[in-house]
Amino acid sequence: MAALLLAAAELVLLMALAPGVVGYTRWVKARLQGRRGAGVLQPYRELRKTFGKSMVIADSASWIFHLAPWVVTASTVAAAALVPVVSVHQPADQLGDLFALMALLILGTVFLALGGLDPGTAFGGMGSSREMTVAALTEPTLAIAVLALALTSGSTSLGAIAGTVLANPANAIGPGHALAFAAFLIAMLAETGRLPIDNPATHLELTMIHEAMILEYSGPYLALLEWAAATKLTLLLVLAANMFAPWGIATAIEPGAVARSVGVILAKLLVLATLLAVLETRVAKLRLFRVPELLAVSFTLALLAATSSFFSR
Amino acid sequence: MTIPDTLLLIFGALAAGAIAALVAPSGAWARRVSLASAFLACAAALALGIQAVQSGAVWIWHSDAVLSPLGGITLRLDPLGAFFLVIVAVAGLPASLYGVGYLRHLDARPRGRAVHALMNAFLAGMYAVPLADNVAMFLFAWEVMALASYLLVVSDPEDETAAAAGVWYAVMTHGGFLALLAAFLLLAPDQRLEFDAMRATAGGLSPAATMAVVLLSVAAFGSKAGLVPLHVWLPRAHPAAPSHVSALMSAAMVKLGVYGVVRLLFDIMPPLPLGWGALLLGLGVLTALTGVLYSVAETHLKRILAYSTIENVGFIFVALGFALLMRGYGHGALAAMGLMVALLHTLNHAVFKTLLFLAAGAVVHATHASSLEALGGLIKRMPHTAVLCLVGILALAAVPPFNGFTSEWLTFQLLIAGARYTAPSLAIMLPLALAAVALVAGLAALSAVRLFGIGFLALPRTEGAREAREAPLSMRAAMALPAAACVALGLMPTVALTRLAAVTSDLGLPMGQLDTGTSLVLPLVGSRLAPLAIAALLGGAGLGAAFISRGRRTRVRIDSAWNCGRIIQSPRTEYTAAAFAEPLKRVFTGFYRPMHEVTVDVHPASPYFVRAMTLRADVVPWMEQALYGPVVRGARLATDLVSRIHTGSIHWYLTLLPIALFALLLLARWIR
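As they're listed, the protein sequences go chains A and B. Note that the working numbering has the first sequence beginning at 329, numbered continuously upward. Note that the working numbering has the second sequence beginning at 3, numbered continuously upward.
Just chain A, same shape as in the assembly (with noise of 0.2 Å):
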């Protein structure tokens, strides 16, 4: 019972942290530019603004524009359920694995391009073509880095591979680690929308992927699939911070060892996203045709961890 608390208690945190995270990447970024910037918080005012706007919905579209906000948001909301963001005592575990957690995004950008379909919009049709193929594209890469990780550990469970990885810390600092978490990394550049891949701070550009997607959505709908992309950015990042570097998570349901392990989450958080932002002020964006190769690049570095995990188990 305390578990499942806890769980809940972790979901709630993650999605309540999201725009927070999303605010700060954007500060930083504004910083390294040597722009003032927005504080934090503007992400949340955003999201109070537009959730009490009124919406308007293009009258070419179906009932598939309003139900992909809403399986959006939910597919979302599920995946985040699955990661253990404090503790590595996961009831989520019993419900799937990383596997169940890329096909519940995957169930996301499918209603998204659904979505931006819908209204028979150029922008976003072409928005909807270049996601799915830079979604497809992405997909081989996880399945070997998930693969490499559960070579050492033995089961694709997001707590159980947490829980290994505290056991052995010599895996973890290993070749197999290592480059599987480079991997990850590029396809969660690709998987979230950020640079070289997308540019998240651009509107009306013939490279857009995502904003081209969600250019008619309006008032709640555009709050609700904003908060979700903020909510998809936050928990790969938890994933990234959690499976590769578990350190400091709570192995133990107490009090103290909950309140430290949220500590250290939002520290290894600030770091992460101090990084993405980083990342994001020195490169610019791929051109379109060029992005399939680096995937390729993180789908090699995937298949050298997988190798080497071959050894070390």
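Possibly wrong hints are sitting among the right ones.
Cross-link-like lysine-lysine pairs, in silico, DSBU-like; alpha carbons within 30 Å at most [said to hold, decoys possible]: (1) A:381 with B:382; (2) A:613 with B:587; (3) A:596 with A:613.
These stretches of chain B come out as covered by chain A in the derived footprint (C-beta under 8 Å, 3 or more residues) [to be verified]: (4) 412-426; (5) 435-447; (6) 450-457; (7) 524-530.
Computed list of chain B residues with no C-beta within reach of chain A, every gap over 12 Å [what the hints assert, rightly or not]: (8) 5; (9) 13; (10) 45; (11) 142; (12) 180; (13) 217; (14) 275; (15) 562; (16) 615; (17) 618; (18) 632; (19) 653; (20) 665; (21) 669.
Derived from the structure by calculation, the hints contain no laboratory data. The beta-carbon is built from N, C-alpha and C at its ideal position, and this holds for glycine as well.
Add chain B to chain A, keeping to what the hints say.
Just chain B now, with coordinates in the frame of chain A:
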């Protein structure tokens, strides 16, 4: 009802339906009676199949009275055969219900009766294949199935592409038949053409004979299943048939190719050297990748689905090859798991592909268009068909909580378990297979989104799509059956999985006690999946999202689409199916070898004034050209040579007769 009674009911009903189709007083009655008896036969087959899988008992019956020159016929109902009865019934049940509304336009035409009769014959052939236990019966049933489906493919005399597809199909299926015959003759000791005799003696075959048998049977059954490079007939023939027959061909008939491989390589043959499992696994990966890449580039609705069938057959063969590999390696539990996953995906694919072909048929029926570029906006004109089709699309995209996801998840777990529990030398190829399977799953999602998003959403692109009418009730009811099965199998996979354990243990690969709860828990797999709980979580979160976005009084205004300030929105500015696939075509240029031809017609006064521009873009089927081009040219050459002796002179023919007779006698003497 006993097993013989039920079989009598199944085949009796099908025969009565076929006869009724030919003699009924009117076309409408021919349609109703033949489809009703097909429906009855399928219901009986479904019940019999489920019951026989559950009981696990084996029933054998032999008669010398029929086909006596070939040693009579032997029927055998075991869990494996019964499972494939279920597969055929799962497709046949909705297909026969669907025909009631779908085939109404054939009432006034003479070929309508032939289509109804052939459909019953086709079903009878497909039900007889998994029951056959000797060569005579098996080949007879196989040929009935092939001939009936061939005639159904070419049943529309006005369709010229169907005639060409028929030629491809006839050649491939008879090539397969010959290979099958050769394999059986090699297997049969002293001409005893009973499967039971083969089971006893197959272990004693020489390595060369084993190799020949495996290669011949994989070629024969693989050509039926659509294994690359023997798949070329499939995307031609499946779309050419009427849609309820396409569903039967794609969902059931190709699966009998899978059945043949399982029967021969897992039941009759002893464990094989590792190379054969690796070959099957490699062919599966190649098939899945080829199928999905072509399905993404295709714009013809039913051809997209046919290519997706090839992809899914590849998926099945990955698991089958894995099982064969592990059986040869001596890891019984992994082999059992591989076989189980292959069979489960066979069922899952049968269900959702039936649904999708029936939905495609409804679309073509309503719009008289089969290209995605001519559709659009159907979700408003055909709301029920759209919802049912969306279920199939989500199963095809392998997203939770639908049944396609379950088999994908199990395939991933299978390959990981293989990599964990075997020697590195063997396991090293499994990550590559895993990567390929993941890529295929991702591309299948893309293909699914494209099919639904371009076909059903946005604005209608042609008059046909604008005027589309919702399908008749019988067709919608027929689609609802597999749609419900997609959801049920997705939410409660253990119901099917625990039954499949009986099939694998009957083949000597015991699976052990399986958890019968709602979550998927398997031995050798370190993680679990609870589809029902995930669905509940999704539902709860979705309701919450709906509540916070629409629960309060949100003002909603309907207006024209914004599209970044563009004022005009017309179907001409929509994204097309070709455009949707364009990024992928660029990524896989080496595979597609796309061809672009731009012709610009300029004004005579100045080259800067363009009058018209045409663009022709296509994908070059180089694999087909390279493999089948020489064969076709060779066949042409040979027939040209043969035609030279056809001079038309009766004296010459009379001279040829005794020469032929003499040559045959010499040959017979030489063989002795």
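Do the hints match the structure? See the list:
The straight-line distance between the Cα atoms of residue 381 (chain A) and residue 382 (chain B) is roughly 28 Å, inside the 30 Å bound, and the hint therefore holds. The suggested pairing of residue 613 (chain A) with residue 587 (chain B) holds, with an alpha-carbon distance near 21 Å, which does not exceed 30 Å. Restraint check for residue 596 (chain A) and residue 613 (chain A): the C-alpha separation of about 26 Å stays at or below 30 Å, so the hint holds. Counting residues of the region 412-426 of chain B whose beta carbon lies closer than 8 Å to any beta carbon of chain A gives 7, which reaches the threshold of three, so the coverage claim holds.
Using a Cβ-Cβ cut-off of 8 Å, 10 residues of the region 435-447 of chain B lie near chain A, which meets the minimum of three, so the contact claim holds. Counting residues of the region 450-457 of chain B whose CB lies closer than 8 Å to any CB of chain A gives 6, so the stated coverage by that chain holds, three being the minimum. A stretch counts as covered by a chain when three or more of its residues have a beta carbon under 8 Å from one of that chain; for the region 524-530 of chain B and chain A the count is 3, and the coverage holds. Here residue 5 (chain B) stays apart from chain A, with its beta-carbon at least about 41 Å from theirs, past the 12 Å limit.
With a cut of 12 Å on Cβ distances, residue 13 (chain B) stays outside the contact zone with chain A, its closest approach being about 42 Å. Chain A leaves residue 45 (chain B) outside its interface by the beta-carbon criterion, the shortest separation being 34 Å against a cut-off of 12 Å. The non-interface label for residue 142 (chain B) is consistent with chain A: the shortest C-beta to C-beta separation is roughly 44 Å, beyond 12 Å. Consistency note on residue 180 (chain B): stated as away from chain A, and its beta-carbon is indeed over 12 Å from all of that chain's, at 39 Å minimum.
Residue-level check passed: residue 217 (chain B) sits 30 Å from the nearest beta carbon of chain A, beyond 12 Å. The claim that residue 275 (chain B) lies off the interface holds: its Cβ sits roughly 23 Å from the closest Cβ of chain A, which is beyond the 12 Å cut-off. Remark: the non-interface label on residue 562 (chain B) conflicts with the geometry, its nearest Cβ contact in chain A lying 6 Å away (cut-off 12 Å). The claim that residue 615 (chain B) lies off the interface holds: its Cβ sits roughly 19 Å from the closest Cβ of chain A, which is beyond the 12 Å cut-off.
In this structure residue 618 (chain B) is separated from chain A by more than 12 Å, as the shortest Cβ-Cβ distance comes to about 21 Å. Remark: the non-interface label on residue 632 (chain B) is consistent with the geometry, its nearest Cβ contact in chain A lying 34 Å away (cut-off 12 Å). No Cβ of chain A comes within 12 Å of the Cβ of residue 653 (chain B); the nearest lies about 68 Å off, and the non-interface call holds. Listed as outside the interface, residue 665 (chain B) is consistent with that label: its C-beta sits roughly 59 Å from the nearest C-beta of chain A, beyond the 12 Å cut-off.
Residue placement check: residue 669 (chain B) keeps its beta carbon more than 12 Å from all beta carbons of chain A (closest about 56 Å).
Violated hint: 15 only; the structure is consistent with all others.
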